Amino acid sequence: MDLSSFCTREVVGIDANASLRDAAALMCDEHVGALVVVTSDDPPQVVGLVTDRDLTLEVIGRGETRADVRIGDLAKQPPLAVRESATLREAVMSMEEGGVRRLLVVDDDGGVVGLVSADDLLEALSQEFASLARALRKGIAQEKSGRAVASVAARTRIVYPAYGSVAMG
Amino acid sequence: MDISSLCHRDIVSVNANATVREAAQIMRQNHVGALVVTDPDEPGRAIGVVTDRNLVVDLLAQGLPVEGQPIGTLCSTSLIGVPSTASLPEAVQEMRRAGVRRLLVVRPGGGLVGLLSADDLFEAIAGQLESLAGALRSGIAQESLRTTHDGPRFDIPRAIDLPGHEP
Chain A
1 MDLSSFCTRE VVGIDANASL RDAAALMCDE HVGALVVVTS DDPPQVVGLV
51 TDRDLTLEVI GRGETRADVR IGDLAKQPPL AVRESATLRE AVMSMEEGGV
101 RRLLVVDDDG GVVGLVSADD LLEALSQEFA SLARALRKGI AQEKSGRAVA
151 SVAARTRIVY PAYGSVAMG
Chain B
1001 MDISSLCHRD IVSVNANATV REAAQIMRQN HVGALVVTDP DEPGRAIGVV
1051 TDRNLVVDLL AQGLPVEGQP IGTLCSTSLI GVPSTASLPE AVQEMRRAGV
1101 RRLLVVRPGG GLVGLLSADD LFEAIAGQLE SLAGALRSGI AQESLRTTHD
1151 GPRFDIPRAI DLPGHEP
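First to last, the protein sequences are chains A and B.
Read in order, the letters of the first sequence correspond to residues 1 to 169 in our numbering.
Read in order, the letters of the second sequence correspond to residues 1001 to 1167 in our numbering.
Everything labelled a hint here was simulated from the structure, so no lab data went into it.
Keep in mind that this is a model prediction, so the values were computed, not measured.
No residue lacks a Cβ here, since even glycine has one placed at the ideal position from N, Cα and C.
Since no wrong hints were added, every one of them can be taken at face value.
Only part of the chain A face toward chain B is listed, based on derived beta-carbon distances under 10 angstroms:
#1 L20
#2 R21
#3 A25
#4 C28
#5 D29
#6 T51
#7 L57
#8 G61
#9 G63
#10 A118
#11 F129
Some chain B residues flagged as far from chain A (calculated, every beta-carbon gap over 10 angstroms):
#12 S1013
#13 A1046
#14 G1111
#15 L1112
#16 E1130
#17 R1137
#18 G1139
Construct the entire structure; sequences and hints are all you get.
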C-alpha cells in the first residue's frame, strides 16, 4: 500500500532563518504540530523537522530569550524519512525505532512527497477495519439475497507535489 | 474497558504561579505533554490543564515574553473531563466535542482519578483487537486439540429464555 495515500496533511515548510515566533505562529495558523525546516536553496533542502513539543522543551524550557535564535538552530538532525513505497509495517517500525510519531515520506530520489503521522495511520487503519466489518456484513447479505452486492467506490488518493529533497541513508 | 483503569493516575501538576519556563521543564523531566494546574491557594485543587502545544500557540506565537509569565494565565479555566463511570464511546465523544486528546477522569463524588489520553484509548483498543484475534485462533486450536481450557468466567445457566419469552 502506497504510504503517500496515508498522509492526510500537507507538508508545511519554514525557512531555517525564520524566527522562533514565526515558527510558532505558522504552526498555529496552519494547525500543524510539526514544520519541515528548509534552506533557502532552490530547490529547498530539508534541514530537519521541528515539533511544537520541541519549541516548548527547547525554547521555553531553556528560557531561550535571545532574539537572534533561528528555527534552523533547533533542527539538529535530518528527520526520519521513509520511502513512499515502504510498507505500513516499515513505517511503524521506523516510528518505533526513532521514538517519533511523524515521518517524512520521500520518493526514490529523496524528494519530499508528504508527512505521515501516527494519527494518519490510525485514521487509515480504522477505515480498513470498518471496511472489513462491512465486508463481513455484506457477505451475509449476499448469502441471503443470493446475488452480488454493489461495491463502494475506491477512495481517491491524495498526491503531494515534490518539496525539496532529503539525503537518504 | 474501564476508563478509570486506562487513565494515568500519576498526574504531574504545576502550581498556577509557577513560570511557563518551570512548567516546560516539568514537562521535560516527567516526559509528559500535559500538566494539571493547581490553585496557588489550595495546592490540592486542580483549576486547569496546560499542554506543550498551549505554550506554543498561546505564548510563543503571540509574541509574549518567555520569561516570568505565570503558567496559570495560559490554561483555560474550564476543565474538560468525564466521570470515571463513563464508557469508552462517551470518552471518545467528549474528546471530539471539545477538540482535545486528553480528558480529566473524575470520581462521581468529586476528586481526580487521572488523565486519559487518546493514546491510552488507542493502546487499549489495539490490545482488545489483538485479544479478539487470539481468541479466534484459540477457538480453532481448541477444536483440533479437544482439550479443556480454563472454566468459563461467567456463570451462564444451561438454558436461557429468548427475549419476549420470559415467564
